[in-house]
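Novice: Here is what each chain is made of, one letter per residue.
Number of protein chains: 2
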Amino acid sequence: MSIRIGILGYGNLGRGVELAVRANEDMELAAVFTRRDPSALKIATPGVPVVRADEAEAWQDRIDVMILCGGSATDLPKQTPAFAKWFNVVDSFDTHAHIPDHFAAVDAAARAAGTLAAISVGWDPGLFSLARVYGSAVLPEGRDYTFWGRGVSQGHSDAIRRVPGVRDARQYTVPVEAALERVRSGENPDLTTRQKHTRECYVVLEDGADPVAVEQAIKTMPDYFADYDTTVHFISEAEMKEKHAGLAHGGFVIRSGRTGAAKEHAHIVEFRLKLDSNPEFTTGVLAAYARAVYRLAREGRTGCVTVLDIPPAYLSAKSGADLRASML
Amino acid sequence: MSIRIGILGYGNLGRGVELAVRANEDMELAAVFTRRDPSALKIATPGVPVVRADEAEAWQDRIDVMILCGGSATDLPKQTPAFAKWFNVVDSFDTHAHIPDHFAAVDAAARAAGTLAAISVGWDPGLFSLARVYGSAVLPEGRDYTFWGRGVSQGHSDAIRRVPGVRDARQYTVPVEAALERVRSGENPDLTTRQKHTRECYVVLEDGADPVAVEQAIKTMPDYFADYDTTVHFISEAEMKEKHAGLAHGGFVIRSGRTGAAKEHAHIVEFRLKLDSNPEFTTGVLAAYARAVYRLAREGRTGCVTVLDIPPAYLSAKSGADLRASML
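Chains as they are written, first to last, in my numbering: chain A, 707 to 1034; chain B, 707 to 1034.
Hints may contain errors.
Identical copies look the same in the list; a pair holds intra-copy or inter-copy alike.
[Stated by the list, open to error] DSS-like mimics (lysine-lysine), calculated; alpha carbons at most 27 Å apart, straight line:
#	residue 1	residue 2
1	K784	K947
2	K969	K947
3	K784	K925
4	K947	K1024
5	K947	K791
6	K969	K784
7	K947	K748
8	K969	K791
9	K949	K1024
10	K902	K791
11	K969	K949
12	K947	K925
13	K1024	K748
14	K949	K784
15	K969	K1024
16	K925	K748
17	K1024	K791
18	K902	K969
Derived by calculation from the structure, the hints in this document are not laboratory data.
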């Protein structure tokens, strides 16, 4: 029997989940739930119902796992605890500082309802968190380094768009190659914010806007840009559409540690992602964790979990014996 | 209370475990067990008893987890099931083809005794297996590539030493950089054995041996060298000791997959190890899994498990809440 997946929210993530379900033979898409008018929403999979989000409760017996595809700022803090009352759920909540609060709220809701919820599933938090935990556990004497990019930061792009005179903007976070090489060499450097990443901004100006003033406003913006080496490129709207519509991203997690009686041996554990489509890769991770949630829930597990709590074998469609014979 | 670790076998691995226990504040070394004469064995930690291996049973109440540091060829197939009768155990059994049989034997012994055993813990099998399983689960449409090296292969070094006229030998397995770059580019190439790795041999000849005949015998050896581009360097015994005593190793696991309605997006998940000391890094992994075995055993888990069955959080000395706040 297939794992019946529901999708809540049909943006980039929701569309990615739809593709990911197709790529996993043991899953089927049961329904898409939306806060928009369902009749106005055309989805890619023929024959799958599109349902109003506020009618989801009636689908409890027809969905094994609901994948929540809303945003972390305002959607998921409400949606995940609310939907955990009715469904096993998976979300990609990615505001690191608020994970403990989100975990507590979702755990309470899921325990009360007897459901299982996996939060903060994706690549950071998600696979990068796994790399950090495995790396620090096997090399207890060492340091962690996380680099992001090259990829678009939505938050930084939005910050530029709020500058007067800016019509559109795209901001790339770029890891500094020299810093990466220093980390890989095992020297365990102290790196400042400025030494780890640069910020590349592509900006379309409003007619008549002053490029000097806009560039100055961006480069001096506290938190977002002031602590970085930032470059600003002014481009046309056509160039923005042609060259900067992609959603590529990636990054590096490196654990650099030492062993030996005199700490004479250096070890580097490096985990790297290079992604053409950030949302499609993220939804591949969500689908694999939906499988794990389905299995753990059938074993009677309830409450909230993260990627750190889930045995890797639960993510795979293969049996334990098959994994041991072919992948161990 | 500390986790009380026992070590069986005091070679490179056993000495590495001793160092790893020191690096983990929640562990203590309870005893070292040896098949040699205990009075002849001097270990690095003062005050820790050295005990005859055949007297281990009497230590059941004083050891939480026994780490088995024997070899995969002849030691572990006997030792792991035997010691699982008395202890929770961890081993680094690394003969991939025989893992299913070893798992079955250890699982039967551990279930009967009510103990927990983790087998095949290390980096391959071990962390590389994790990389393969996570990578294939999140990118179901794709291919896996594993490259090893640059590092010494003990099996290949031993094979050279059996060639008449060879006094000593060291063989390095070297990944082909061009092949790695093709895999990282996302083209998903079919790679032959010869295209993935080269073999570098350093050989000390017996007096009067014929270098041409020895080189020919090595390069044409079936399975070990015939399918590879092999280079043979003749060196002095002094140079062997000076330059080739190191135990560095490493490698790469790469999952290259595609997503998108037309498979138009390529994704690369790369896990890399660069290790100055293969045995010391391996024992760091063994120590972390000893912690996980200790915790799972206290929860009542019995039988045989592998790295694929163990939730990552169990490896860390930090609590779940601390991990979520600081590492997720």
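Novice: Can you name, in rising order, the numbers of the hints this structure does not satisfy?
Specialist: Violated hints: 1, 3, 4, 5, 6, 8, 9, 10, 13, 14, 16, 17; rest satisfied.
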